[in-house]
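Novice: Now for the letters of each chain:
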Amino acid sequence: MNQPDLRITIGDLVFRNPVLTASGTFGYAKEFEPYVNLHHLGGVVVKGISLEPRRGNPPPRIVETAGGMLNAIGLENVGVDRFISEKMEYLREIGTRVIVNILGDSLEEYQTLAQRLSEVEGISALEVNISCPNVKKGGVAFGTDPTMAEAVTRAVWAHSSLPVIVKLSPNVTDITEIARGVEAGGAQAVSLINTLLGMAIDVRSRRPRLANVVGGLSGPAIKPIALRMVWQVAQAVKIPVIGIGGITTTEDALEFLLAGATAIEVGTANFVNPRASQEIVEGIGRYMSENRINRISEVIGGLVLS
Amino acid sequence: MNQFEEQAKIVRQEQLTPEIYRLTLKAPDIASNARPGQFVMAQTTTSYDPLLRRPLSIHQTIGNEQVQLMYKIVGKGTRMLSALTPGKTIQLTGPLGHGFDLAGKDAICLVGGGMGIAPLYFLAREILRTNKPPKCTVLLGARTAAELGPLPRDFMDIGVTEIFLATDDGTLGHHGFVAELLPKHLAPENKWTVCTCGPHPMMKAVVSQCRKQGDECQVSLETMMACGISACLGCAVPRSDLSGPYLHVCKDGPVFKADEVAWL
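Chains as they are written, first to last, in my numbering: chain A, 1 to 306; chain B, 1 to 264.
If you're looking for bench data, these hints aren't it; they were derived computationally from the structure. No incorrect hints appear here.
Calculated cross-link-like contacts (lysine to aspartate or glutamate; reagent style DMTMM-like; alpha-carbon spacing at most 25 Å): (1) B/251 - A/81; (2) B/212 - B/260; (3) B/251 - B/241; (4) A/30 - B/6; (5) B/76 - A/64; (6) B/191 - B/101; (7) B/184 - B/154; (8) B/132 - B/154; (9) B/251 - A/89; (10) B/105 - B/189; (11) A/87 - A/121; (12) B/251 - A/64; (13) B/204 - B/260; (14) B/251 - A/93; (15) A/30 - B/5; (16) B/204 - A/202; (17) B/257 - A/76.
Take these sequences, add in the hints, and give me the full structure.
Specialist: In structure tokens:
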């Protein structure tokens with residue numbers, strides 16, 4: 001039998017396979033060079049970039065919880081100028097698609113970022129983090145209001161020549177409403193889910209375990225929620241869905257593909273096992289060979305309900 | 001980058017005290033590249049609870065094949081680690097971070113408290129091997145004599161002659177804190193480099209004493225950490241001036257010059 005065909009398409013972009021790495025869990029890719037053949041991955045989504053460098057939150061920034069972890073890193077990053085001058089040279093040479101995650105506190109910031117990054121060679125797409133608060137709108141997150149989500153998507157899309165993926169927050173009542181808003185705004189794809197807002201308390205000191213008090217929950221603990229949301233969104237929109245949330249093994253990744261995800265992002269698992277992303281690529285290939293599946297499209301959305 | 005992911009086979013698991021264990025693993029890539037002060041991320045279980053690997057300093061390397069870790073049971077992860085028996089394997093990532101800087105130092109004093117003593121043994125061996133003549137004073141502290149266990153003897157066995165002890169309860173050596181030994185044992189005619197690792201209050205006291213004496217001080221810091229390879233950015237520590245970008249223990253440390261970081 002021939003090698004199974006793992007290629008997937010998002011908009012006009014063809015990816016070698018459906019396995020990407022989630023923003024904020026893979027640095028700027030170089031950190032994983034000793035562990036992963038980066039060109040074996042479908043793509044990498046680099047650490048979220050803002051217009052100005054961000055210092056991030058004071059420590060403690062992370063705490064381990066049952067089957068997962070809470071983080072309140074606070075979007076620490078080098079800013080777009082240093083990202084372009086210091087990180088892109090390496091990223092252009094890694095032999096896989098590079099998706100840049102962007103974040104801002106106003107529509108103007110998103111627009112400027114989209115414009116700046118569109119001029120840079122070697123970037124395949126933008127992933128827009130809409131979980132940050134809109135400073136001008138009184139701190140309401142762009143990602144929790146369908147109209148605002150649509151507006152930020154449109155702003156990025158209108159100012160960029162790159163395909164736009166919008167990363168959705170799960171901290172909403174109905175994630176499909178946000179997904180529809182983003183689709184109407186011109187997104188080529190949605191990725192979900194970002195972390196779930198959580199909290200942990202030290203009972204001896206009675207203090208929160210994170211300096212920021214609350215943080216984002218990630219890891220295997222959130223996988224069933226993520227899978228449910230991906231399944232719902234895949235039915236609600238026509239654009240491709242990228243599944244994220246606790247994916248640690250090949251079987252986890254396959255579940256998301258069956259639920260309707262065109263691609264997946266490996267996140268917290270990169271911390272636990274630096275080779276996780278590559279092992280999942282290899283595992284999907286093996287699964288397809290063993291089950292005589294020629295093309296990954298035969299898996300995507302293949303959930304059997306009756 | 002000389003960093004490796006290895007499936008490490010457990011060679012020995014020794015219980016030194018009721019809570020302290022010494023684990024010897026076969027991990028040739030890590031063993032042949034490790035420097036004193038560096039650490040590994042060690043898998044404690046294949047289940048998801050606890051999820052994260054544990055950052056553990058390298059206690060010593062044995063030849064070019066084996067890595068030895070010393071750890072104390074402080075929670076679920078270290079308890080699971082202590083239950084692993086020879087022949088079993090765990091995943092190890094390392095060697096990680098920057099170790100101690102010995103270049104051009106002639107009189108070196110190691111100050112360890114509790115489990116912070118673990119990496120100093122590797123450092124002492126390196127000093128005795130490379131510094132001619134070796135000038136290495138070792139000050140060790142713990143809550144009790146039992147907690148120090150076989151460690152003082154281990155240092156003496158490799159040829160450390162200047163070794164002084166302190167215990168909080170007075171069961172061995174000086175009755176009090178190890179930092180209190182510094183003024184007495186660091187002869188002012190030498191230009192000392194102090195290398196310290198231990199609980200935060202202890203290191204803070206050591207740093208303060210070094211400042212008073214005008215001695216250089218290198219500190220090995222410990223923080224919560226998810227990945228150990230500079231991806232999670234969880235291990236942030238503030239700089240001494242409390243401004244600018246945070247330092248990260250996994251990449252900028254774990255060994256810092258004492259004056260680089262804030263002592264809050």
